[in-house]
Amino acid sequence: DAGVIQSPRHEVTEMGQEVTLRCKPISGHDYLFWYRQTMMRGLELLIYFNNNVPIDDSGMPEDRFSAKMPNASFSTLKIQPSEPRDSAVYFCASSFGSRGETQYFGPGTRLLVL
Amino acid sequence: SQKIEQNSEALNIQEGKTATLTCNYTNYSPAYLQWYRQDPGRGPVFLLLIRENEKEKRKERLKVTFDTTLKQSLFHITASQPADSATYLCALQTSGGYQKVTFGTGTKLQVIP
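If you read the sequences in order, they're chains A and B.
Per the working numbering, residue 1 is the first one in the first sequence, and the count goes up by one each step.
Per the working numbering, residue 1 is the first one in the second sequence, and the count goes up by one each step.
Treat the hints as calculated values from the structure; they're not laboratory data.
Positions of the beta carbon are idealized from the N, C-alpha and C atoms, including for glycine.
Incorrect hints may have been included.
Said to hold, decoys possible - Straight-line alpha carbon distances no greater than 27 Å define the calculated DSSO-like cross-link-like pairs of lysine-lysine that follow:
1) B:Lys-55 to B:Lys-71
2) B:Lys-55 to B:Lys-3
3) A:Lys-24 to B:Lys-100
4) B:Lys-100 to A:Lys-78
5) B:Lys-71 to B:Lys-3
6) B:Lys-57 to B:Lys-3
7) A:Lys-78 to A:Lys-68
8) A:Lys-68 to B:Lys-100
9) B:Lys-57 to B:Lys-108
To be verified - Partial pick of chain B residues on the chain A-facing surface, computed with a CB cut under 7 Å:
10) Pro-40
11) Pro-44
12) Phe-46
As the list claims (entries may be wrong) - Over the 12 Å line for every Cβ pair with chain A, so calculated as not near, a few chain B residues:
13) Ser-8
14) Gly-16
15) Arg-42
16) Glu-60
17) Leu-62
18) Asp-84
19) Thr-105
20) Ile-112
Starting from the given sequences, assemble the full structure and let the hints guide the process.
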């Protein structure tokens, strides 16, 4: 398997623009996670899905952020409108099964909002 | 409030020595504790998992201990090598129906040749 795939790897945009980050989880995995990593706050869980259904979105910072998982092989994280404080590395991860299972991370998308 | 603390200062250690990293937590009752490695520009990679009823886990040169009384986990790398230089993250998962994992901020390890 190719692992978790994320695109784009780098994104530079201007404040106010819409940003869409994409993720393809490992085939067969039933959990998908979106994280944000910054120097100040570390790795923060934004939202996670189980079998394409959002389970916990309490980490989503505000209404400007939204995430969807239309099928088992694709998820998007959208920021609209983007702000400079959204600049961070965004990771997607997937896992399979019950508690205690390993999460497999993608390479991340480095977002810079000017 | 719930908190996971890892030493934010980098740990520098001589090649061949044992590196010990600490993860302390408060107001958690974790069922599982995981350690991940993260290299610059890459996503975290899973290393070891230890359950609440386990005291110690080993994998090759890695050893993890878990003390639920002290609310602490120690991560040891024996015979450290420059290739072990990376940031190491601990992650807690509480019991419950779902897979939510909370990460610490990580400790950067530098192994000096």
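Hints, one by one, checked against the model:
no., hint, in the structure
1, B:Lys-55 to B:Lys-71, "12 Å, holds"
2, B:Lys-55 to B:Lys-3, "21 Å, holds"
3, A:Lys-24 to B:Lys-100, "19 Å, holds"
4, B:Lys-100 to A:Lys-78, "21 Å, holds"
5, B:Lys-71 to B:Lys-3, "11 Å, holds"
6, B:Lys-57 to B:Lys-3, "23 Å, holds"
7, A:Lys-78 to A:Lys-68, "9 Å, holds"
8, A:Lys-68 to B:Lys-100, "18 Å, holds"
9, B:Lys-57 to B:Lys-108, "22 Å, holds"
10, Pro-40, "11 Å, violated"
11, Pro-44, "5 Å, holds"
12, Phe-46, "4 Å, holds"
13, Ser-8, "10 Å, violated"
14, Gly-16, "29 Å, holds"
15, Arg-42, "6 Å, violated"
16, Glu-60, "17 Å, holds"
17, Leu-62, "15 Å, holds"
18, Asp-84, "19 Å, holds"
19, Thr-105, "4 Å, violated"
20, Ile-112, "23 Å, holds"
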